[in-house]
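There are 2 protein chains.
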Amino acid sequence: MSFSIRKGEIKDAKAILGLITELAVFEKEPDAVVITVEDLIKDGFGEAPRFKTFVAEENDGTIIGMALFYERYSTWKGKTIHLEDLMITASKRGIGAGKALYKEIMKYAFDNNYKRVSWEVLDWNTNAVRFYENTGATVFKEWKVAQMNSENLENFIHENI
Amino acid sequence: MSFSIRKGEIKDAKAILGLITELAVFEKEPDAVVITVEDLIKDGFGEAPRFKTFVAEENDGTIIGMALFYERYSTWKGKTIHLEDLMITASKRGIGAGKALYKEIMKYAFDNNYKRVSWEVLDWNTNAVRFYENTGATVFKEWKVAQMNSENLENFIHENI
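These protein sequence lines map, in sequence, to chains A and B. For the first sequence, the numbering used here gives the first residue as 10, with consecutive numbering after it. For the second sequence, the numbering used here gives the first residue as 10, with consecutive numbering after it.
Some clues are possibly wrong.
Stated by the list, open to error - In silico DSS-like pairs for lysine-lysine, Cα to Cα no more than 27 Å straight-line:
#, chain 1, residue 1, chain 2, residue 2
1, B, LYS61, A, LYS51
2, A, LYS20, B, LYS124
3, A, LYS101, A, LYS20
Keep in mind the hints are simulated off the structure, nothing from the lab.
Build out the structure end to end from the sequences listed, making use of the hints.
As structure tokens, this is what we get:
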């Protein structure tokens, strides 16, 4: 079984959304995905893309994995890359596609002079944590992710403003 | 003592960098800030700004706090806002400027149809965690922040690519 890595294109949007949904199920949030293929196309492949992608493609054209990333800004370091999703479909794990996508992201960041690559990982996903740490990345213990979701944002606005 | 909230401008860049540095000291990373006033001006106030800011300004024109934020993209929800820094200078805490900046960010996100506001918080900063949770935000226990820093990125590239 062999595969190659390339930039994602509009034609991959449906496969990318399939992988996003599969990842949400793995992360125990099966109902969290509300975006559509049309949203992905508009947001990622239009005139002002909000993200970029790489895909892992088998020789027959099947998309088996993807990495989705965009720029952030560190007030300490300057421009950085955030890896939002990195996902290989369950039946295609163990053939090196995940590491190949990870390397492609790191190479992109290095070649384009980004000062950091960041992402988020679930602490019970110990295989992933171990993999990341073995590559030289740091998984921080003290930093917590905080979010105001859409519903609570609306409540906050109505109560406070 | 009274203050007002407004959008940050080029003339505020030096004060903003002062607050960034003060925040880094508070976060026990005093040497982490490598960006300069010139970087901030170029990156935040040029033709394609990488971030936006709000500042809290006293009546005499002194900048006592700032919030720095930018867009991210959720593969579940679509476009989101990330609040990178929210900081009030130590001598001006307790007068409501932090909450005023926080409300301004939430209002900006709500008015512009963003689907989430995210940020990161140190778990030992219990005052901040409590404040955020009281506003309806969630501080996640399972999600960890992971980063590949510049030096380790270079090592990874040299060893793997």
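Against the structure, the hints come out as follows:
Between LYS61/B and LYS51/A the alpha-carbon distance is near 23 Å, which keeps this suggested pair within the 27 Å criterion. A threshold of 27 Å between alpha carbons decides the hint, and for LYS20/A with LYS124/B the separation of about 26 Å falls inside it, so the pair holds. This hinted pair checks out: LYS101/A and LYS20/A have alpha carbons roughly 21 Å apart, not beyond 27 Å.
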